[in-house]
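Let's have the full structure, built from the sequences with the hints guiding it.
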Amino acid sequence: MDFRDTMQKVYSWACQIGNLGLWIIWLLIHFAVDLWYFALHIACAIESYLISSGILKRYKALDIDKLRYLAIVIESEEAYHIPAVIQLLQWLVDIGVKHVCLYDAEGILKKSKESILGKLNNATLFEEAGESNLLLDHKHITLEFASFPDGKEAVAKAANLLFMKYVKLGGSGKIQEEKIFTEAHMSEALRAVGCKGPEPDLLLVYGPVRCHLGFPAWRIRYTEIVHMGRLKSMRYGSLLKAIYKFTMVRQNYGKSSFNYILLLQVVPHVLLKRYERTRDLDRKNESVT
Amino acid sequence: MISSLSPQLLIKPNTATTLSPIPHVQNQRFKLASHVCPSELLSIRKRPGSACAATTQHRRYLLFPAEEEEEEEREVKFTSDAPALAEGLQREPMPRHVAVIMDGNRRWAHLRGLPVRSGYEAGVKSLKTLVELCCKWGIRVLTVFAFSSDNWFRPEVEVEFLMSLLETGVKEETESFIRERIRISVIGDTSKLPKCLEELVINVVETTKNNTRFQLIVAVSYSGQYDLVQACQRIAMKVKDGLIEPNDVSESLIEQELETNCTEFPYPDLLIRTSGELRISNFMLWQLAYTELFFSQSLWPDFGEAEFLEALKSFQQRCRHYGK
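If you read the sequences in order, they're chains V and B. Numbering follows the numbering used here, with no gaps: position 250 of the first sequence is 250. Numbering follows the numbering used here, with no gaps: position 202 of the second sequence is 202.
If you're looking for bench data, these hints aren't it; they were derived computationally from the structure. Small disclaimer: the values here were computed from a predicted structure and weren't measured. Just so you know, even glycine gets a beta-carbon here, dropped at the ideal spot from N, CA and C. Don't take every hint at face value.
[Unchecked claim] Rough simulated footprint, nothing fancy, chain V against chain B, three-plus residues with beta-carbon under 8 Å:
1. 231 to 245
2. 278 to 288
[Stated by the list, open to error] Quick list of in silico lysine-lysine cross-link-like pairs, DSS-like style, CA-CA up to 25 Å:
3. K179/V / K240/B
4. K136/B / K179/V
5. K179/V / K195/B
6. K113/V / K232/V
7. K157/V / K139/V
8. K232/V / K245/V
9. K240/B / K157/V
10. K196/V / K165/V
11. K192/B / K179/V
12. K57/V / K139/V
13. K192/B / K168/V
14. K136/B / K125/B
15. K165/V / K240/B
16. K139/V / K9/V
17. K192/B / K136/B
18. K192/B / K209/B
19. K139/V / K196/V
20. K125/B / K165/V
21. K179/V / K168/V
22. K238/B / K157/V
23. K119/V / K139/V
24. K57/V / K241/V
25. K125/B / K168/V
Structure follows, in structure tokens:
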């Protein structure tokens, strides 16, 4: 019995030591991961500082004209921090961005439109701005305010407009659905219901989630989307880096520039396929006759 | 890989597992009526310090003794056909619908000095791997952006090659789809496809329509704007037939007519785009409003299990953050 008790005690001690050892290893792994993330955070902060202070020279040669229209999506809870939003817009003015669309799903920024415009110098509403004003003043910025109803709801309204037109013209019997409902007509109808903003080139998302939170879908076909993190941790350097990276991007828009190497690689295969198809058709015709 | 790890994802050693049902807590992202909430989900919680549950002696070392008692009082549910998950992946939340923009095939071939067709062929292999992983890990729907309506503007030779590749792929895999009970759906303007391919597509969609294990939606000759426009065309026909009034047209009516309504879960939970590009390129514009976007640096032929795991872990991390 004594021997058994002793063995049990030894076993119990061994288990406890083993558990403790595993627990220490687990803590060490977590510490290593936390350290890694901390190091990443420091690296980002340093990079941001270097960009902001102009030490990294390549960010000085920013071709801002490539960014014709910028959209900022802010998660609704963070949109209440109007001073942070104004700071962000001020940075954009300093960088030279001319047109910005501010979006949050619940329309908080729309409601704060007046205070935002009041705090910024040389800012006007996109709808009110004329082209002549924009060309003269380099530090001028136009702002568009959008919210969730400007997305799906607006598409439904535009569709209704087209349906009314369709019903009116339907009596002639010659009108087909394909002629009334086209992408071009939809774009026109969206402008008619008040969604006049162009497609943004770049969309920056500020918030915890990496989605565009219902930004007007019709307008973001080829928009570059970048997640910037939370608004409260925004940095000038990160903003400049995101815009700089965008200016270096080359888009094909689904098409490709013709190249002869591709032609040489693909043509034999295509010719073979065409030959096989013709041969099969001939064989079918022969069997029929 | 370490960059994708976080404290929440590392499984602690020698832990006891308790299973408890957690009624679905509606994610804030889905508070709008246009999104369907997932049903009740199973949660696996791992807690530290607990040793073998066989002896009461070890309970002294639990860090959360009060919670342990509460757990015991709860009813335990377990689903017998739960799929086996990879290390570090949790069963909840798992995306039900994943969408993928398969970009980077040609660049992959150029980097290796291979012909472009090798890139596309390698891309097909990646797709097969992804389908297997989705089946294994319980993802119900996978939508892949195979050919955009903008791609028709590519050189005719290239377009013909891609069409023949699609045709070959569908022919070779039809038996496998039937055997594995995979349902195939095709969205996009199929009237532009070559006649033989169009017939093949109709045949495979019809043959597999009753399969329920997994659904693969292939977007061919598709664009998000086209999807919306064709939905309006369909509604217009119903208006013409007097089935609905023009004023009754609403967002939900448009949603019902979108081509992605061929599935139980029309809204992707996660969108993955490969090759480092940061845009959605006219893909599922309406459906992606609250979809988590994951932009992977890998080229599509290199996108394998490790990369998919990274995307899923990233999705799970963000879900936990947003739920708090």
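So, going through the hints one by one against the coordinates:
{"no.": "1", "hint": "231 to 245", "verdict": "holds (count 7)"}
{"no.": "2", "hint": "278 to 288", "verdict": "holds (count 8)"}
{"no.": "3", "hint": "K179/V / K240/B", "verdict": "15 Å, holds"}
{"no.": "4", "hint": "K136/B / K179/V", "verdict": "45 Å, violated"}
{"no.": "5", "hint": "K179/V / K195/B", "verdict": "24 Å, holds"}
{"no.": "6", "hint": "K113/V / K232/V", "verdict": "20 Å, holds"}
{"no.": "7", "hint": "K157/V / K139/V", "verdict": "36 Å, violated"}
{"no.": "8", "hint": "K232/V / K245/V", "verdict": "22 Å, holds"}
{"no.": "9", "hint": "K240/B / K157/V", "verdict": "18 Å, holds"}
{"no.": "10", "hint": "K196/V / K165/V", "verdict": "20 Å, holds"}
{"no.": "11", "hint": "K192/B / K179/V", "verdict": "17 Å, holds"}
{"no.": "12", "hint": "K57/V / K139/V", "verdict": "22 Å, holds"}
{"no.": "13", "hint": "K192/B / K168/V", "verdict": "30 Å, violated"}
{"no.": "14", "hint": "K136/B / K125/B", "verdict": "17 Å, holds"}
{"no.": "15", "hint": "K165/V / K240/B", "verdict": "12 Å, holds"}
{"no.": "16", "hint": "K139/V / K9/V", "verdict": "79 Å, violated"}
{"no.": "17", "hint": "K192/B / K136/B", "verdict": "34 Å, violated"}
{"no.": "18", "hint": "K192/B / K209/B", "verdict": "23 Å, holds"}
{"no.": "19", "hint": "K139/V / K196/V", "verdict": "23 Å, holds"}
{"no.": "20", "hint": "K125/B / K165/V", "verdict": "48 Å, violated"}
{"no.": "21", "hint": "K179/V / K168/V", "verdict": "14 Å, holds"}
{"no.": "22", "hint": "K238/B / K157/V", "verdict": "17 Å, holds"}
{"no.": "23", "hint": "K119/V / K139/V", "verdict": "15 Å, holds"}
{"no.": "24", "hint": "K57/V / K241/V", "verdict": "12 Å, holds"}
{"no.": "25", "hint": "K125/B / K168/V", "verdict": "52 Å, violated"}
Hints 4, 7, 13, 16, 17, 20 and 25 from the earlier list are contradicted by this structure; the remaining hints agree with it.
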